[in-house]
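Note that the protein sequences, when read in sequence, are chains H and B. With this note's numbering, the residue at position 79 of the first sequence is 79, and numbering never jumps. With this note's numbering, the residue at position 63 of the second sequence is 63, and numbering never jumps.
One or more of the hints may lead you astray.
[Claimed, not checked] Straight line, CA to CA, 25 Å or less: simulated SDA-like cross-link-like pairs of lysine to any residue:
no., chain 1, residue 1, chain 2, residue 2
1, H, K45, B, M27
2, H, K2, B, K18
3, H, K45, B, Q88
4, H, K42, B, P8
5, H, K101, B, Q6
6, H, K79, H, K2
7, H, K101, B, D38
8, H, K92, B, P8
9, H, K92, B, L113
10, H, K45, B, G96
11, H, K45, B, G40
12, H, K42, H, S52
13, H, K101, B, P106
14, H, K101, B, L60
15, H, K92, B, S64
16, H, K92, B, S62
17, H, K101, B, S62
18, H, K2, H, G93
19, B, K57, H, E3
20, H, K45, B, D38
21, H, K92, B, P106
22, H, K92, B, S84
23, H, K45, B, K57
24, H, K42, B, L113
25, H, K45, B, E101
26, H, K2, H, S49
27, H, K42, B, V52
28, H, K45, B, L113
29, H, K42, B, S84
30, H, K42, B, N53
31, H, K92, B, E63
32, H, K2, B, L113
33, H, K42, B, P39
No lab work stands behind these hints: they were computed from the structure. Predicted, not measured: the structure shown is a model, and the values here were computed from it.
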Amino acid sequence: RKEVEQDPGPFNVPEGATVAFNCTYSNSASQSFFWYRQDCRKEPKLLMSVYSSGNEDGRFTAQLNRASQYISLLIRDSKLSDSATYLCVVNKGYSTLTFGKGTMLLVSP
Amino acid sequence: EADIYQTPRYLVIGTGKKITLECSQTMGHDKMYWYQQDPGMELHLIHYSYGVNSTEKGDLSSESTVSRIRTEHFPLTLESARPSHTSQYLCASSEGGGRPEQFFGPGTRLTVL
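Here chain B stands alone, though its shape is the one from the complex (with noise of 0.2 Å):
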């Protein structure tokens, strides 16, 4: 079973505010990943990261950040947010290499009024 986690799991916030989403695993994954996925639809991967100071923006844009200083946290970053980030994120690592799977944490879903 993987061990990863996010925090908070539901957040619900006013436009304009910055929010910062957690997201930690304790297996020593290289690699890590956030997806947004709206309700019935596909998970589209919106950043990702190959190591400690290594950070990608993935295939769907989006205006949050994310940063990797240390190998086990990989947090998000919304700086001003808004309607349209309401959604729900969802956070995965990998090993990488030869094991590309990946596991998830339990999803934050946000909802910005």
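The shape of chain H in the complex, shown without the other chains (with noise of 0.2 Å):
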């Protein structure tokens, strides 16, 4: 099993759209998990840290489910500038991070 597996997309959604991506990890012990937005050949960015249960900014939200081993990110009222890969991201441990291949969200007008 992948350390931080990923449906790879593409999600393709009208504006103004709800979408959530879900994410599953196989080390149990992990303690801290992020989503990082990636634009095409441009550098991942962070978008959330999630420390506990979940975390919200605006029009995202993260929630973790450690019982299930995943974590998803909802975006509410899509915008066309949302369009990108989302990667999850979880700690291993002494700082080091695991990277998921990413879901590609596309948002059209």
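Two chains, two separate frames, one set of hints: put the complex together.
Put into structure tokens, the structure is as follows:
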């Protein structure tokens, strides 16, 4: 089983839609989790950190389910500028992170 | 916003050349990292450092080497570039401790002919 698994997508949604991505992880000892956003041919940028059961920042909500070992990212009221690849990231310990392959989101007018 | 810089941004070089990819950060972060990412693929950790004079190999085997003589500087060197080294190389840093979030530089896109 891969350390971090994500549906690669693409998820095609219209502007204004709500979309959710899931991510599963294999190491039950992982303590912290992150969502990064990566635009085509650019560097990943931190979107949200998840240290407890969840986190919310404006239109973005992340939730953690430790029992089932998955993290979700919900985006409400999608904008064209939300089009990107969303990387699920798990802290392996000692400040090293494991990155998922990412889920591609395409928001259309 | 993270202050982490990489040069060059793009490099096209012939087989057998020695190259050094530069990475600097002005945040005083102790931990620094090098990742390799091919198009459409996930990031793979190739080297990391916990501080000055500390270097460790990552999950992906790499023929490159790194050094950490100063906190702010973490260069990556390829002694003899090959076409298989063609990739994007991303440098990152983190505060460490209770804050493992990593912040990335813009990357170096390397093409070896």
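Outcome of the hint check:
1. Proximity of K45 (chain H) to M27 (chain B) is assessed by CA-CA distance (about 16 Å); at most 25 Å being required, the pair is judged to hold.
2. At most 25 Å may separate the alpha-carbon atoms for a hinted pair to count; K2 (chain H) and K18 (chain B) exceed this at roughly 35 Å.
3. The hinted pair formed by K45 (chain H) and Q88 (chain B) meets the criterion: a straight-line CA distance of about 16 Å does not exceed 25 Å.
4. In summary, the hint linking K42 (chain H) to P8 (chain B) is supported, as the alpha carbons are separated by about 15 Å, within the 25 Å threshold.
5. Simply put, K101 (chain H) and Q6 (chain B) have alpha-carbon atoms about 23 Å apart, close enough for the 25 Å limit, and the pair holds.
6. Annotation: proposed proximity of K79 (chain H) to K2 (chain H) is violated, straight-line Cα distance about 31 Å (limit 25 Å).
7. A C-alpha spacing of about 11 Å is found between K101 (chain H) and D38 (chain B), which places the hinted pair at or below 25 Å, so the restraint holds.
8. Between the alpha carbons of K92 (chain H) and P8 (chain B) the distance comes to roughly 30 Å, so the proposed pair goes past 25 Å and is violated.
9. Only pairs whose Cα atoms come within 25 Å are accepted, and K92 (chain H) paired with L113 (chain B) is rejected, the gap being roughly 36 Å.
10. For a cut-off of 25 Å, the pair hint linking K45 (chain H) to G96 (chain B) stands: about 17 Å separates their Cα positions.
11. Distance check on the hinted pair: K45 (chain H) and G40 (chain B) sit about 16 Å apart at the alpha-carbon level, within 25 Å; holds.
12. For the given pair, K42 (chain H) sits about 29 Å from S52 (chain H) by alpha-carbon distance, which is inconsistent with the 25 Å threshold.
13. At roughly 19 Å between alpha-carbon atoms, K101 (chain H) and P106 (chain B) fall within 25 Å of each other, so this suggested pair holds.
14. At roughly 15 Å between alpha-carbon atoms, K101 (chain H) and L60 (chain B) fall within 25 Å of each other, so this suggested pair holds.
15. At most 25 Å may separate the alpha-carbon atoms for a hinted pair to count; K92 (chain H) and S64 (chain B) meet this at roughly 23 Å.
16. Of the supplied pair hints, the one linking K92 (chain H) and S62 (chain B) holds, its CA atoms being roughly 20 Å apart against a limit of 25 Å.
17. Under the criterion of a C-alpha separation no larger than 25 Å, the hint pairing K101 (chain H) with S62 (chain B) is consistent with the structure, at around 20 Å.
18. A C-alpha spacing of about 17 Å is found between K2 (chain H) and G93 (chain H), which places the hinted pair at or below 25 Å, so the restraint holds.
19. A C-alpha spacing of about 19 Å is found between K57 (chain B) and E3 (chain H), which places the hinted pair at or below 25 Å, so the restraint holds.
20. At most 25 Å may separate the alpha-carbon atoms for a hinted pair to count; K45 (chain H) and D38 (chain B) meet this at roughly 17 Å.
21. For the suggested pair K92 (chain H) and P106 (chain B), the alpha carbons sit about 24 Å apart, so the restraint of at most 25 Å is met.
22. With a CA separation close to 28 Å, the supplied pair K92 (chain H) and S84 (chain B) exceeds the 25 Å bound.
23. This hinted pair checks out: K45 (chain H) and K57 (chain B) have alpha carbons roughly 24 Å apart, not beyond 25 Å.
24. For the proposed pair K42 (chain H) and L113 (chain B), the alpha carbon gap of about 23 Å is at most 25 Å, so the pair holds.
25. For the proposed pair K45 (chain H) and E101 (chain B), the alpha carbon gap of about 10 Å is at most 25 Å, so the pair holds.
26. Straight-line distance between C-alpha atoms of K2 (chain H) and S49 (chain H) comes to about 21 Å, which keeps the hinted pair within the 25 Å bound.
27. Among the hinted pairs, K42 (chain H) with V52 (chain B) is inconsistent with the structure: their alpha-carbon atoms are about 28 Å apart, more than 25 Å.
28. Distance check on the hinted pair: K45 (chain H) and L113 (chain B) sit about 30 Å apart at the alpha-carbon level, beyond 25 Å; violated.
29. For the proposed pair K42 (chain H) and S84 (chain B), the alpha carbon gap of about 21 Å is at most 25 Å, so the pair holds.
30. With a CA separation close to 30 Å, the supplied pair K42 (chain H) and N53 (chain B) exceeds the 25 Å bound.
31. In summary, the hint linking K92 (chain H) to E63 (chain B) is supported, as the alpha carbons are separated by about 24 Å, within the 25 Å threshold.
32. Distance check on the hinted pair: K2 (chain H) and L113 (chain B) sit about 33 Å apart at the alpha-carbon level, beyond 25 Å; violated.
33. Of the pairs offered as hints, the one joining K42 (chain H) and P39 (chain B) holds, with about 11 Å between alpha carbons and a cut-off of 25 Å not exceeded.
Hint compliance for this structure: hints 2, 6, 8, 9, 12, 22, 27, 28, 30, 32 are not met, and every other hint is.
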